[in-house]
Structures are given as structure tokens and as C-alpha cells.
Amino acid sequence: MTTFLALLRKEFIQIIRNRPILVMMIGLPIVQLLILAHAATFELRSVEMIVVDQERSAESRRLVQSFASGGFFSIVGHEDNVDMALGYIESSEAMFVLVIPPDLSKSVQSGLPTKLQLLISGEDGVRAGLIQAYANGIIQLQARSYLLESMPVPKGASSIEIRELFAYNPELDYKFFMVPGILVLLVTLVGSLLSAMNIVREKEIGTIEQLNVTPIRRWQFISAKLFPFWIIGLVELAFGLAIAKLVFNIPMMGSLLLVFMAAAVYLLAVLSIGLLVSTVTNTQQQAMFIAWFILVIFILMSGLFTPIQSMPEWAQMVTRLNPVSYFIEIMRRVLLKGAGWMSIQGLVFALAVYASIMLSIAVWRYRKVAA
Amino acid sequence: MTSNSAQDLYAIQAVDLTRKFGHFVAVDHINFHVEKGEVFGFLGANGAGKTTAIRMLIGLLRASEGTAKVAGFDIHTETERVKSSIGYMSQRFSLYEDLTVLENFELYGGIYGLSRSDVREKSSSALARLGLESHKKSILSSLPLGWKQKLAFMVAQLHNPPIVFLDEPTGGVDPITRRQFWEMIYEAAAGGTTIFVTTHYMDEAEYCDRVSIMNAGRIEVMGTPGEIKEMLGAKSIDEAFVRIARPVED
Amino acid sequence: MGSLGSFIMKEVRHILRDKRTLLILFGMPIAQLVLFGYAIRNELNDVPIAVVYLSGSEEVSKLSNHLTASGYFTLAGVYRTEAEVWDGLESGEIKAAVLVEPDYPSNLNEPGSARFQIITDGSDPNMAQTVSSQLSAMIRAWHQSSGASFPTLQTEVRLLYNPEMKSVYLFVPGLMAFILMLVSALMTSISVAREKEMGTMELLLVSPLKPIEIIIGKVAAYIMLAGVNALTVTLIAVYVFGVPFRGSFVLFSLLTIVYIVTSLALGVLISTKSNTQQTAMMISLGALLLPVILLSGFIFPIKSMPDILQMLAQVPPAKWYLEAARSIMLKGAGLNVVWVPLVVLTGMMFAFIVLAWKNLKEHLDL
Numbered sequence: 001m002t003t004f005l006a007l008l009r010k011e012f013i014q015i016i017r018n019r020p021i022l023v024m025m026i027g028l029p030i031v032q033l034l035i036l037a038h039a040a041t042f043e044l045r046s047v048e049m050i051v052v053d054q055e056r057s058a059e060s061r062r063l064v065q066s067f068a069s070g071g072f073f074s075i076v077g078h079e080d081n082v083d084m085a086l087g088y089i090e091s092s093e094a095m096f097v098l099v100i101p102p103d104l105s106k107s108v109q110s111g112l113p114t115k116l117q118l119l120i121s122g123e124d125g126v127r128a129g130l131i132q133a134y135a136n137g138i139i140q141l142q143a144r145s146y147l148l149e150s151m152p153v154p155k156g157a158s159s160i161e162i163r164e165l166f167a168y169n170p171e172l173d174y175k176f177f178m179v180p181g182i183l184v185l186l187v188t189l190v191g192s193l194l195s196a197m198n199i200v201r202e203k204e205i206g207t208i209e210q211l212n213v214t215p216i217r218r219w220q221f222i223s224a225k226l227f228p229f230w231i232i233g234l235v236e237l238a239f240g241l242a243i244a245k246l247v248f249n250i251p252m253m254g255s256l257l258l259v260f261m262a263a264a265v266y267l268l269a270v271l272s273i274g275l276l277v278s279t280v281t282n283t284q285q286q287a288m289f290i291a292w293f294i295l296v297i298f299i300l301m302s303g304l305f306t307p308i309q310s311m312p313e314w315a316q317m318v319t320r321l322n323p324v325s326y327f328i329e330i331m332r333r334v335l336l337k338g339a340g341w342m343s344i345q346g347l348v349f350a351l352a353v354y355a356s357i358m359l360s361i362a363v364w365r366y367r368k369v370a371a
Numbered sequence: 372m373t374s375n376s377a378q379d380l381y382a383i384q385a386v387d388l389t390r391k392f393g394h395f396v397a398v399d400h401i402n403f404h405v406e407k408g409e410v411f412g413f414l415g416a417n418g419a420g421k422t423t424a425i426r427m428l429i430g431l432l433r434a435s436e437g438t439a440k441v442a443g444f445d446i447h448t449e450t451e452r453v454k455s456s457i458g459y460m461s462q463r464f465s466l467y468e469d470l471t472v473l474e475n476f477e478l479y480g481g482i483y484g485l486s487r488s489d490v491r492e493k494s495s496s497a498l499a500r501l502g503l504e505s506h507k508k509s510i511l512s513s514l515p516l517g518w519k520q521k522l523a524f525m526v527a528q529l530h531n532p533p534i535v536f537l538d539e540p541t542g543g544v545d546p547i548t549r550r551q552f553w554e555m556i557y558e559a560a561a562g563g564t565t566i567f568v569t570t571h572y573m574d575e576a577e578y579c580d581r582v583s584i585m586n587a588g589r590i591e592v593m594g595t596p597g598e599i600k601e602m603l604g605a606k607s608i609d610e611a612f613v614r615i616a617r618p619v620e621d
Numbered sequence: 622m623g624s625l626g627s628f629i630m631k632e633v634r635h636i637l638r639d640k641r642t643l644l645i646l647f648g649m650p651i652a653q654l655v656l657f658g659y660a661i662r663n664e665l666n667d668v669p670i671a672v673v674y675l676s677g678s679e680e681v682s683k684l685s686n687h688l689t690a691s692g693y694f695t696l697a698g699v700y701r702t703e704a705e706v707w708d709g710l711e712s713g714e715i716k717a718a719v720l721v722e723p724d725y726p727s728n729l730n731e732p733g734s735a736r737f738q739i740i741t742d743g744s745d746p747n748m749a750q751t752v753s754s755q756l757s758a759m760i761r762a763w764h765q766s767s768g769a770s771f772p773t774l775q776t777e778v779r780l781l782y783n784p785e786m787k788s789v790y791l792f793v794p795g796l797m798a799f800i801l802m803l804v805s806a807l808m809t810s811i812s813v814a815r816e817k818e819m820g821t822m823e824l825l826l827v828s829p830l831k832p833i834e835i836i837i838g839k840v841a842a843y844i845m846l847a848g849v850n851a852l853t854v855t856l857i858a859v860y861v862f863g864v865p866f867r868g869s870f871v872l873f874s875l876l877t878i879v880y881i882v883t884s885l886a887l888g889v890l891i892s893t894k895s896n897t898q899q900t901a902m903m904i905s906l907g908a909l910l911l912p913v914i915l916l917s918g919f920i921f922p923i924k925s926m927p928d929i930l931q932m933l934a935q936v937p938p939a940k941w942y943l944e945a946a947r948s949i950m951l952k953g954a955g956l957n958v959v960w961v962p963l964v965v966l967t968g969m970m971f972a973f974i975v976l977a978w979k980n981l982k983e984h985l986d987l
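Chains as they are written, first to last, in the working numbering: chain A, 1 to 371; chain B, 372 to 621; chain C, 622 to 987.
Same shape as in the complex, but just chain A (with noise of 0.2 Å):
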């Protein structure tokens, strides 16, 4: 035990001298919570829109006035031709291009359809799916207006009422969603990097060897490594967990202790990514980079930035073994769902496996005597 501890005091006295280090750790991911929370959103705010009304009749008027006055859209153009409105999507100025046909209000009155063309640019895909649901939103909208207005209603018709309602979030606030998942990527990112970093950097510098040759377990070196990230790594959380509560207001249905719990096993499990990196590089620089690699897939594939659900079978199957996606998950649910433990018990045992494997793995590989 002495000897553990003798380590473990070594690693945070090296960690807390390295003042730049301790700062940054702590500090980068704070600031980058409180700018980059507010970016992470697709809500749009007055996408430039190119109007082509052929009629120009007060229906049109009206038609074009509704996607006027929404805040979603920003008029900057009327043209007369569809030609010349598409050269406003081409020198970018415009992404969307609304074609109102010739024959608008005699549809409206008289109940046949017509076809209102949406030019979208696909140049910015998840743009160009919220400009066609919003556009689409809006002319239905103008539709039932125009239905509730016009008399007589011809016999048969009716239209439907769809009312879209969103549990756990109501207001579709994208920052429920990324505050808590971009914390998480922080706090993994930093953990594992720099503890993958700080046992390379014993080996290029020769300090190792001396370790090497004293009669020190494996596992009290690698605990000892681990240890200082590990409770770095809840402090960060919890510190990022206060502003996320203090600035943004993002719900905490369910159990804090819950959380901390998880995120104690998922730290684990991260930590010893970085673990077994360094046990296979022999330089900082490439252990950064192979846990950057291995990193990077994992948070991409987590489904923070796109839904798991989305991705093909194959992929799904790969996520599975990413301890990421687990607890993102788990943080949705319970902080945005209240979920309990019965509910996440399943994730957290799956990360308190691979967090064994991990482990096991990486001391075993770890040699004191070279082979």
C-alpha cells in the first residue's frame, strides 16, 4: 500500500507543478462549454429565401407575408423568373427559393390543387431538411386558413389536425441535448489524451526504467497513472455539470448520484483507452494521435452529433463496443428523462465490463521486463 500511495502522491504533485496543464484541463473545457453550447444548434434564424410569385394576387401576398413574419425566414429577393433566383443560391446569397404558381388563389377558391415548388440548396443537408419541414409547416398552416375561410366547404372535405408535441423537451431546445453530451466528449477527450500522454512521457524520458526496476506491481503503477485523471475527470464533470444547471437551465430530472455514478465507471473504461494506447506507442506524439484516432471514431459514432438509429447495421452493431455512445445514453436518459436505475442498470454493467477488459488488458501488456 505504501508503495501506491508513494505513486499516487508522485502523480499529483507532477500534475498540480504543471501549471499550464492543470489550467487548461480544468479551464478549456469550461470555456469551451459556455461558447461552443450555444453554437451546437440547427435551429434556423432567417435563412435567406428568394420569392418568384407568379401571381401576385392577395393570396400570394398573404402566402409570402406568413414566411415573412416568422423569424425563420428572411426575404432578400423577389424575382420574376426562376432563373434569376436560382443565381442567388449559386453566388450564395440565398439557399431557398420559393415558386408560387400562376394559379394560387383560383386552387384556394375552388379547391383543385396546386404544386408550389421549393428550390432548396443541398449544400447543407440537415439545413435543407429543417428549411423544406419549416417551409412545409408554414404553407399547411396557410392552408387551413385558407380552408377555414372559404365558403361553401364542398361536401367530404375535411382536413386533419396533426399536433406535434415533444416529451422531455418541449421546446426542442437543442442545448438539453448538447450541453451534457458536449461536456462529456470534454472531460473524455482531456482524461484519456493526457493519461495515454503522461505514461509515453515516462518512457521517453527514462524515468520508467527506474520504476521498472523496483519491485512495484503492475497494477499499482497503472492505478497510480490512472488515479489523478480518474478524480480529475469527476471534478471537471461535476464543475461542468454546475454550468450547465447555472447557465443554460438544463433540466436534472433524475438522480445526480446516478450520474457520478455511471461516469465513474465511464471514466474507467475511457481512461484505459488511453491506458492500452500508451502500452503500444513509444512517443507523445504518437499516443496522442492514436487516441485521437480511436477517440474521434467514438465520439463521431456516439450518437451526440447523429442519431444511432440512423446508422446502417453494421455500424450499429460497432457501437455497441463504443463506451461513449453508452454514456450518452445514459446522461440523456437520466437527466433528461429522470430515468432510474433500473433503467440504465444495463449500460452501466456493460461499461463496468469493457472497463475490466480494458484494464486487464493493458496491465497484461504492460511489462516490466522487456521480452
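It should be emphasised that the hints constitute simulated quantities derived from the structure, not laboratory data. Among the hints, a few may not be true.
Below, in silico cross-link-like pairs of lysine-lysine (DSBU-like), each with a Cα-Cα straight-line distance of 30 Å or less [claimed, not checked]:
id : chain 1 : residue 1 : chain 2 : residue 2
1  : B       : Lys519    : A       : Lys203
2  : C       : Lys979    : C       : Lys894
3  : A       : Lys203    : C       : Lys631
4  : B       : Lys519    : A       : Lys368
5  : C       : Lys640    : A       : Lys203
6  : A       : Lys203    : B       : Lys507
7  : A       : Lys245    : C       : Lys924
8  : A       : Lys368    : C       : Lys817
9  : B       : Lys508    : A       : Lys203
10 : B       : Lys493    : A       : Lys203
11 : C       : Lys894    : B       : Lys519
12 : B       : Lys519    : B       : Lys507
13 : B       : Lys508    : B       : Lys519
14 : B       : Lys391    : A       : Lys368
15 : C       : Lys817    : B       : Lys508
16 : C       : Lys683    : A       : Lys115
17 : A       : Lys203    : C       : Lys817
18 : B       : Lys507    : C       : Lys817
19 : C       : Lys979    : C       : Lys831
20 : C       : Lys982    : C       : Lys817
21 : A       : Lys368    : B       : Lys407
22 : B       : Lys493    : B       : Lys407
23 : A       : Lys203    : C       : Lys894
24 : A       : Lys115    : C       : Lys924
25 : A       : Lys368    : C       : Lys640
26 : C       : Lys817    : B       : Lys519
27 : C       : Lys640    : B       : Lys391
28 : B       : Lys391    : A       : Lys203
29 : C       : Lys831    : C       : Lys631
30 : B       : Lys508    : C       : Lys894
31 : C       : Lys640    : C       : Lys894
32 : A       : Lys368    : B       : Lys493
Across the chosen pairs, the derived CB separations fall in these ranges [to be verified]:
id : chain 1 : residue 1 : chain 2 : residue 2 : range
33 : B       : Gly502    : C       : Lys631    : 40 to 46 Å
34 : C       : Ala762    : A       : Ala238    : 46 to 52 Å
35 : A       : Arg19     : C       : Leu976    : 19 to 25 Å
36 : C       : Glu777    : A       : Pro170    : 30 to 36 Å
We treat Cβ as the ideally placed atom computed from N, Cα and C, and that holds for glycine.
Starting from the structure of chain A, add chains B and C where the hints point.
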């Protein structure tokens, strides 16, 4: 559990110790022994295989063939027990530059299982011996190389190991410091510690009780400095060495 | 070969000898291309939903079939009450539910409306929006086609430049920006920091090499590396994934080279501020990584951000590169459209080189 008590007379005994890297034989079936309390000089030019040999003895590298006993323990089967019984000072200086002098002592003291009071006591006397008490809270990187080397030697002895391995301990320091270092080595030996030191400074060989000279993986001669000089008809070990080392035939 | 030349040779050798890093450098973009090409999508695919028929009529099960026939959705189990729906949402078994009110369809012939309620799991807002819109549109379409409704205004949507909405088309320029920036800045900063840490930097500063030459030397080697990387990524994107390349290759290369040099200079600048490799890494990652992903328009549209952030977003070079690259690749834009980002990037490039040089000189005076 050691087998033959006769062999416990020796601090170190190597039998056909060999290390290959692919086809290259770095250490070629060397045989030697070191008596308890001896100062044994392990000489050879750079690349002769000294560091490889020492690394096998202290359990950093596995032997390809042959075996050795260090402090009575087999290097193959009882590696960890070997490590408990030795101290080591590596060629690349390997104390922690970003820790203070005292913190380095405390770290290694703790690792070897010494109690806090033990560590305090021993580090005090070590620092007193070196005249460095006023620097106990100094960060290691701020100290000159000579002091660091001496400190490393002290740290290696902190847990009173019966054998201390020193790999090129006086590399890069001035002659006075080298002198002082060897005084410390004698003190340790006088206290019963066996010292196994490698060096490529041939003049340091004169300070040892016995010496072996390695060349191209083999031990070419072994004995007291006097014996060797006689054997080779040389006036100094330096000269003796030159006579041994031949250009490698390609 | 002058002193600069030999310096560059040394750097190139360094790079080539480090097989592991090379593997990552080239493997990473390829892996990410594969990911983005095949795995990371926003498309809906077998999303588990529930359709709760509070009336159990024929019409309604036809609705279920219609919704699941598309492949976007799949029915996950039998749900009969709203309470069950909430349980399912919480456990993640279903992502959305369509609740059909009890009187449907018998009230269809009355003027007014028939009511549907779509409850979607909002904890993943991105998907939620898409799911809900899709369900809504499908219900509406189904309702119309069953002839029971008043034809409302129909829309015909045309997606320009990317009609099939393939994610990979959109991600590739972003991927390039991301990888080049990170690899260039990261590698350079760590490389220089390593020289400092190992002490070889002092040797360089004392040599006949002028500080500006040291920077150019480091940068030159990595330019070549990054250039090869960029070319590889582009070729794979175009020929393996079929990403369109509608603009001028020359223009694109020019843009990319300026971007690479800018990133590299940024890397050198970062390294003059770091004493250890760890520090260099942290700064590169922290000041570059997440901002590049989150602020450059790679994933989240800049136009959606609050104004302050939109201003901040103009700072990273990645944003300018991304914008220009996307225009060139997808829209075939020419110099007339792309000159602004190009000028901005070139300006940044010179600014960073000058800054880095100044810092190096200061280091010498210490």
C-alpha cells in the same frame, strides 16, 4: 528458495548468459561471478554489450539463453525478488526532474516500503553526507548534473540493498566529482554493499577490486586490475583494453 | 543543398520514419470518410415507433402499414394506452408515437378536423424534428390519398446540388477542413515542441539557420505531407464515394494549399507558446478542435448561432475554407464567388507566419 548454499557466497553469478536480438548476439554466453562486498568493474567499449548484460541482471530484459543469480535469486524465476534486493542507477539519469530532492527520496522510499520516519532519517543523513541539506526542497532540474548523479546514487541505496548496480554513473561530470563519487562507492562497499559498476572510463578500473573487460559480447579477460595488466603486459588498464579490442572483421 | 535544404530533408526523414504516425495520418481520413460515407447519416431508418389506436378501426391499421412501409419506421411492440407510450419513450424502446383519437374515422365527413397526436422523444432534438416532420407529412399524404380530404396546397421540393441528400457530399469538404487543420496544426506544434522538450531547439537557434528559415523548414515538410493527404482524401471521395467535383481543380488546389499553410503556421505559432508537447497538444486541441467542429459550419450551421458566436465563427480559418470548398465542389463556383474566402485565408496565412516568426525571435533573445 535458493538451491545451492555454496552459490549464495556470490552476490552475482552468471552462467552462459546470452542475449540475441534477431541474429545479432549482443551478449555471448558470458560467465562470471561477483563476491559479496566487492566493487566489480564491468568494462568495455560502447556497444560491447555491457548495458545489455546489466539489464538482464536487474530484470529489465529477458535472457535469450543461460541464467544468472543475483543476491541468490534466479533472474528468470524470481525476478521480483531480485528487484527487492538491488539498487540501480541508470545511464540516462532517471530521477524526476519536476520533483524536489526530498520528494524523490520520499517516492522511492515509499516504493520500497520504507516507513515515513525511516525515509526521513535516511534522506537526512544522505543529504548531510552530500552537504545538500539546504537544497532538499529544490526542484531537481535546477541542480547541476554532478549533484544529481550523487543524489541518484543515494536514492539507489535508500533501502539498503545488498547489491547496487551503477550504469556509467560518472558520465559527463568533471574529474573532481568523479573522484568524490568513487569515494562514495568505497564507503558503500566498506559497509558491505556489493557494487557492480559499468564504465567506459578505463582509469576507473583501477579503483575496482576486480574487473572484467567485454568486447563484442564476450568477456575477454577478468581478474584484479593487477592480474589483468600482467596478463596483457600492459602498464594501465587503458593499454590493456586497447590490446584486446580489435577492429571488427566484416 | 543549403542549410535550409538539409533542414527540410531532416524533417522529411523524421516523418517518413515514424510509420505509426504516418499510418494514422493517412488512415484517419480514410476511416472517417468511410464513416461519413456509410455510417453517419441523418436519414431515418427503422426508427421504432408506436401507433396507438384508441379506436382499433380498419383505417388505422392501414395507417400503421403506410407508415412502416417506407422503411423509415418500424412498429415496436403493441402499445394500447398513452401511459404505455410514455414508458416506452423513457426506456428508449420507441422514439415516437402516433396517437389517433377515438372517433377517427367516423367524424371524417364533418367539417373540421380529425385529430392525430405525434409524441416524439425530444431528448435528441435533431432526430426529433426530422421524425416528427416525417410522420406528420406521411400522415397528411396518406390522408389525402385516401381521398378523404380537401386538397391543400401541395409542395414539390427540389434539392439542388445534392438531390439525394447524401450526407457524404456534405461532410467531405468539412472533413477535409477538419483533418487538414488538425493534422497540420497539431503535428507542427508538437514537432516543434518536441525539439524544445528534447533540447534540440537550442541547437537550431544557434545554427546558421535564421528563425524564419526554421519555420519555413518545418512548414515545408509538413506541407508536402498534408498535400498528399488532401489529394488522397479528395481522390477517394470523388472516385470511391462519388462525391461530385463540379468546380475548377486548380482553384480548389490553390485554396487548399493556402489553407494548409495557414494551419501549419498556426501550429508553429502555438508551439512557440508551449514548452512541452503536452501543452502544445492541449492548446492545439482546445483552441482548434472543438471550435473547428462546432464553429466552422462543419456540422452546425453558422447562421443558426447567436450573433456573438457568428462573429466569433469568422475567426477560425476552417470556416472560410469550408465555405469555399463546399461552393467549389458542390456548386462549381468560380473565383468570382470564392475570392472573399480566398483573400481572407491568404491574409491569415501571412499574419500567422509573421506572428510565429516574431515569437521565435523573442525566444532567441531570452
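Status of the given 19 to 25 Å range, CB of C/Leu976 versus CB of A/Arg19 = Holds, at about 23 Å.
Does the Cβ-Cβ separation between B/Gly502 and C/Lys631 fall within 40 to 46 Å?
-> Cβ of B/Gly502 to Cβ of C/Lys631: about 44 Å, so the range 40 to 46 Å holds.
Sort out whether B/Lys407 lies within 30 Å of A/Lys368, counting only the CA atoms.
-> holds (27 Å)
Restraint check for C/Lys640 with C/Lys894, where alpha carbons must lie at most 30 Å apart | Judged against 30 Å, a Cα distance of about 28 Å means the pair holds.
Keeping to a limit of 30 Å between CA atoms, is the pair of C/Lys894 and B/Lys519 held or broken?
-> Holds, because 29 Å separates the two Cα atoms, which is no more than 30 Å.
Pair hint A/Lys368 and C/Lys640, alpha-carbon separation not exceeding 30 Å | Status holds; Cα separation ~25 Å.
Given pair status - C/Lys894, C/Lys979, alpha carbons within 30 Å = holds (12 Å)
Pair hint outcome, C/Lys982 versus C/Lys817 [Cα-Cα no greater than 30 Å] = holds (15 Å)
A/Lys368 and C/Lys817: Cα distance at most 30 Å?
-> holds (29 Å)
Starting from the range 46 to 52 Å, see whether the pair C/Ala762 and A/Ala238 falls in it by beta-carbon distance.
-> Hint holds: Cβ distance 49 Å, inside 46 to 52 Å.
Straight-line Cα separation of B/Lys508 and C/Lys894 no greater than 30 Å?
-> holds (28 Å)
Please work out if C/Lys979 and C/Lys831 have their alpha carbons no farther apart than 30 Å.
-> Holds, because 12 Å separates the two Cα atoms, which is no more than 30 Å.
Comparing the model with each earlier hint shows no violations; every hint is respected.
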